[in-house]
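Novice: Below, each chain spelled out in residue letters.
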Amino acid sequence: MAQEASSSTSSKTISLKTGDGEIFEIEASAAKQMKTVQRLIDDLGDDITIPLHNVFSKELPKIIEYYKKDITGEITKDFEAEFVKDLNDDEVKVLFLAANYLDANKLFEFLSQNIADRLESKSVEYVRKYFGVENDFTPEEESKLREERAWSFRGIKEDE
Amino acid sequence: MEKLGDGIFPDEVVMQILARLPVKSLFRSKTVCKLWYKLTFDKYFIQLYNDVSRKNPMILVEISDSLLECKSSLICVDNLRGVFEFSLNFLNDRVKVRASCNGLLCCSSIPDMGVYYVCNPVTREFRLLPKSRERPVTRFYPDGEATLVGLACDPAFQKFNVVLAGSHRTFGHRPDGKFICLVFDSELNKWRKLISFQDEHFTHMNKNQVVFVNNALHWLTVSSSYILVLDLSCDIWKKMSLPYDPIYGAGNRTYLLELDGCLSVIQISEAWMIIWVLKDYWKDEWSVVDKVSLRCIRGMVPGIFPISQTSEYVFLATHKQVLVYHRRSQVWKEMYSVKYSSTLPLWFSAHAYRSTMFSCN
Numbered sequence: 002m003a004q005e006a007s008s009s010t011s012s013k014t015i016s017l018k019t020g021d022g023e024i025f026e027i028e029a030s031a032a033k034q035m036k037t038v039q040r041l042i043d044d045l046g047d048d049i050t051i052p053l054h055n056v057f058s059k060e061l062p063k064i065i066e067y068y069k070k071d072i073t074g075e076i077t078k079d080f081e082a083e084f085v086k087d088l089n090d091d092e093v094k095v096l097f098l099a100a101n102y103l104d105a106n107k108l109f110e111f112l113s114q115n116i117a118d119r120l121e122s123k124s125v126e127y128v129r130k131y132f133g134v135e136n137d138f139t140p141e142e143e144s145k146l147r148e149e150r151a152w153s154f155r156g157i158k159e160d161e
Numbered sequence: 008m009e010k011l012g013d014g015i016f017p018d019e020v021v022m023q024i025l026a027r028l029p030v031k032s033l034f035r036s037k038t039v040c041k042l043w044y045k046l047t048f049d050k051y052f053i054q055l056y057n058d059v060s061r062k063n064p065m066i067l068v069e070i071s072d073s074l075l076e077c078k079s080s081l082i083c084v085d086n087l088r089g090v091f092e093f094s095l096n097f098l099n100d101r102v103k104v105r106a107s108c109n110g111l112l113c114c115s116s117i118p119d120m121g122v123y124y125v126c127n128p129v130t131r132e133f134r135l136l137p138k139s140r141e142r143p144v145t146r147f148y149p150d151g152e153a154t155l156v157g158l159a160c161d162p163a164f165q166k167f168n169v170v171l172a173g174s175h176r177t178f179g180h181r182p183d184g185k186f187i188c189l190v191f192d193s194e195l196n197k198w199r200k201l202i203s204f205q206d207e208h209f210t211h212m213n214k215n216q217v218v219f220v221n222n223a224l225h226w227l228t229v230s231s232s233y234i235l236v237l238d239l240s241c242d243i244w245k246k247m248s249l250p251y252d253p254i255y256g257a258g259n260r261t262y263l264l265e266l267d268g269c270l271s272v273i274q275i276s277e278a279w280m281i282i283w284v285l286k287d288y289w290k291d292e293w294s295v296v297d298k299v300s301l302r303c304i305r306g307m308v309p310g311i312f313p314i315s316q317t318s319e320y321v322f323l324a325t326h327k328q329v330l331v332y333h334r335r336s337q338v339w340k341e342m343y344s345v346k347y348s349s350t351l352p353l354w355f356s357a358h359a360y361r362s363t364m365f366s367c368n
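Residue numbers (this note's numbering), protein chains in the order written: chain Z, 2 to 161; chain E, 8 to 368.
One chain only, chain Z, in its complex shape:
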């Protein structure tokens, strides 16, 4: 079997080190899709292990898997559905925030839609917990707002 003797840029790999100290390899073309990584490569050179303080060993392999598929141009709706099928809402959240940090646009947009789909029929309280926001309305203000848009609350289990 013939082997490529010289390393061309297309087969060059970049080393990424997660916040919890693990190292992963990705292809340079995949790194290009993650603008934060690309910026670090531009600053630090592509021979150094790129440190990613805010991404951890749980998420990074999943992100790498997505972009591996992207390079071969094979991301279909079925692939995306499979990709998130076994993830719970919190796992998707972590992946999403990592995609945001890495400035990985395609994955970011896909996960934004996925999170929106998951939150679509959840209660307001669930959404607050999910985003870690406090309810700063007074009880009177809140009930007035709900009354004004009562039609949007029909069919939603508010106690979830």
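Hints listed in this document are in silico derivations from the structure and should not be mistaken for laboratory results. Glycine included, each C-beta is placed from N, C-alpha and C at the ideal position. Fair warning: there could be bad hints in the mix.
Stated by the list, open to error - The calculated EDC-like cross-link candidates involving lysine to aspartate or glutamate, where the alpha carbons are at most 20 Å apart (straight line), are:
1) E/LYS298 <-> E/ASP267
2) Z/LYS70 <-> Z/GLU135
3) E/LYS41 <-> Z/ASP137
4) E/LYS45 <-> Z/GLU23
5) E/LYS45 <-> Z/ASP104
Said to hold, decoys possible - Below, a sample of chain E positions facing chain Z; criterion: calculated Cβ distance under 7 Å:
6) PHE16
7) VAL20
8) GLN23
9) ILE24
10) ARG27
11) LEU28
12) LYS31
13) SER32
14) PHE34
15) THR38
16) VAL39
17) CYS40
18) ARG335
Position chain E against the provided structure of chain Z, taking the given hints into account.
Specialist: This is chain E only, laid out in the frame that chain Z set:
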């Protein structure tokens, strides 16, 4: 171990998620906290919401039950969420959808001729249009109803125009050759009248498929030899040429749609569907963006009508079905099929639609 998932979502990121929620959920999320309430009024957010929604074409179809003559309901079909029921009950009137533009609908009252509403069916806001003083709304020929109804909705400036046009006749007389056009201005809350002399005829599809781009309304006519244009910036009727010589187009069916903010013409022949786009409006340069083989749906071709599209999908309606064509994967999919026999074909009252937060008040 410090993890990112501890509720540290920058505003920009929150907006990206909210922009992808259906309007009903979005309105509910206004009650999450004060910051989110404010975010949803933010101009940047509204623009973002509209940009996202633009990529998700929908089609609104009226389905009538042949058993109960006065019962008809609306369904909305989109690629993300499938089929769902739509109600205009909040108008408290029996209405017919006449035009759809950038998320607003213009409806006419069935019992009260000459009464028109503009509404946003998702936020349930509506405006009952004032009756024009001169009352020529009911003087259109032949049946008292405007031949053409157009809705020109400009989301950037949050204003809209409604156009009612048709041949005119004074009471008790024959039509006098005048083409009357009434234009409603949402900012002034008034109608203005334009008179011209043209003798145009329109098929049912021509009337349904009015397209608003570049501050002008566009219609095809029966002859399908040009596009009739009403330029709302100067209240002038014009003609635009079609992408191909009408003589060679004979035998093909032609439809006018919008494609990502540009004027688009779809030609359907026995075996092909050709999609044209006018990328540069002022240069009058049309280009073919796709030539789709209709081999897979050969049997349906005579009764198929394109209704709504984006660069990725085309929605079509037949007598009993709504289909979507995925341009990239070249796959046809049936999205909806009528279960019982209906008196009217689905394509008869199908409109392109997309959801918006645009307020009509």
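Novice: Hints the structure violates: just list their numbers, smallest first.
Specialist: Failing hints, ascending: 2, 4, 5, 18.
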